[in-house]
Amino acid sequence: MASFENALRAVNELKDAGIIEDCAVAGAMALVFWIEPIPTFDLDVLVLLPPTAGPHVSLDPIYRWAADRGYVAEHEHIYIEGVPVQFLPSFDALAEEAIRTAVDRQYFGVDLRVVRPEYLIALFLLPSARTVKRRERAAALRDSPSIDREVLDDLMTRFKLTFS
Amino acid sequence: MTETPTRPSDELLARLYEGKRDLHAAQRALSLPEKLQQLLDLQKITYEILRSRGVELEPWEKPWDIEP
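Protein chains in written order, with the numbering used here: chain A, 1 to 164; chain B, 1001 to 1068.
In isolation and in its complexed conformation, chain B is listed as follows (with noise of 0.2 Å):
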């Protein structure tokens, strides 16, 4: 007897994917100093990420040393 895997419902699913837009709206609407934070910090996360993987990257290619 083989066993069905089990799947999200689409109830689920759906749930899922409007959270994820309720998420980017709310991130859309952030104020300019706010995502600027926010792009500073995916900055450093970016960077390490692309360190620990290798790519060689351009002199000006890293996080920036800057208040928002």
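Isolated chain A (complex conformation) (with noise of 0.2 Å):
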């Protein structure tokens, strides 16, 4: 049977066979890592691709990657181990920063980061993707003690985000 363990497993195979630069787990899953969970039902990966000669990023290479292994993709996702991904380029340099500082975690000994709290708040308040429930989803996070304040309120002020 499929399980997370290996959906976790096969896209760090992404960043061993040299197609993405780095990744880390963040969007609503991430959450689990930091507070209690709450419902989704898709793994959001933030990826920092390798550098292009053109000025477009493309996710072809990942798409490819997935139909090797057998891995339907359907629209923005591709179902990897029952577990439908969304691979989301680094699209700004907070997204960068996010993939960056992202903390090493194991799951059944898997490897895998995970988008630390401070940035997952910023990446939900972001204006071009916030919505109710992101919003929602960072005053959550933001009254929780995982939270280093000192890293929120710079975050919010570089980036210039608001609560409200």
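Keep in mind the hints are simulated off the structure, nothing from the lab. This structure is a prediction, so every number in the text was calculated from the model and none was measured. All C-beta atoms in this analysis are idealised placements derived from N, C-alpha and C, irrespective of residue type, glycine included.
Covered stretches of chain A, going by a simulated chain B footprint (3 or more residues, C-beta under 8 Å):
#: 1; region: 35-41
#: 2; region: 73-81
Pulled from the structure, derived: some chain B residues nowhere near chain A, Cβ distances all over 12 Å:
#: 3; residue: Glu1003
#: 4; residue: Thr1004
#: 5; residue: Pro1005
#: 6; residue: Pro1008
#: 7; residue: Ser1009
#: 8; residue: Asp1010
#: 9; residue: Leu1012
#: 10; residue: Ala1014
#: 11; residue: Arg1015
#: 12; residue: Gly1019
#: 13; residue: Ser1052
#: 14; residue: Gly1054
Here are a few chain B residues that face chain A, going by a calculated C-beta distance under 8 Å:
#: 15; residue: Leu1036
#: 16; residue: Gln1038
#: 17; residue: Gln1043
#: 18; residue: Thr1046
#: 19; residue: Trp1064
#: 20; residue: Glu1067
Using the hints, put the two chains back together into the complex; each one sits in its own frame.
Structural data, given as structure tokens:
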């Protein structure tokens, strides 16, 4: 049977194969690592892609990797070991920093990186991706003891973010 | 004569909120596999609620058929 552990193992293959430079679990699934779980149906993985000659990044190498392994891609998700995974290429300085500062964790012996809670809050509050649901997630994280207030304040200031 | 509605005391409300805080703290402290199992359970509950409300779901918005 498919397992979360195997899904993570497969995602790690992308890095080992040099298809991505680095990655980190983000989105609602990342909350599991910091606070109590909330319902979500997909796994967001922020990825740093290797530099290319052209101005635009492409997820084609990831889709080719998935197809080679028999993972089905449907719209923006790839079903990896039973888990719909969305790969989100780093889209700005905040996302890049979120990946680079992600913390190392293990799940049944499988290494993974998880975006820190302060960066999750900042990503949830980005004006371009802001929804009521994401604002609620940011608020839930803000009240958790795992937050480093200094790091959060710095991010809020540098990236001009607000909770209101 | 008007009856005064019965209200919970401040002490009772404080105890209830404290219980809620304790529950959240206990859930935060669960192991990752336990949290993942909770997530899988929540997916099933959420999915049924959304469906019963007639919410149009994306094909990927369904409980994962995986082991934690």
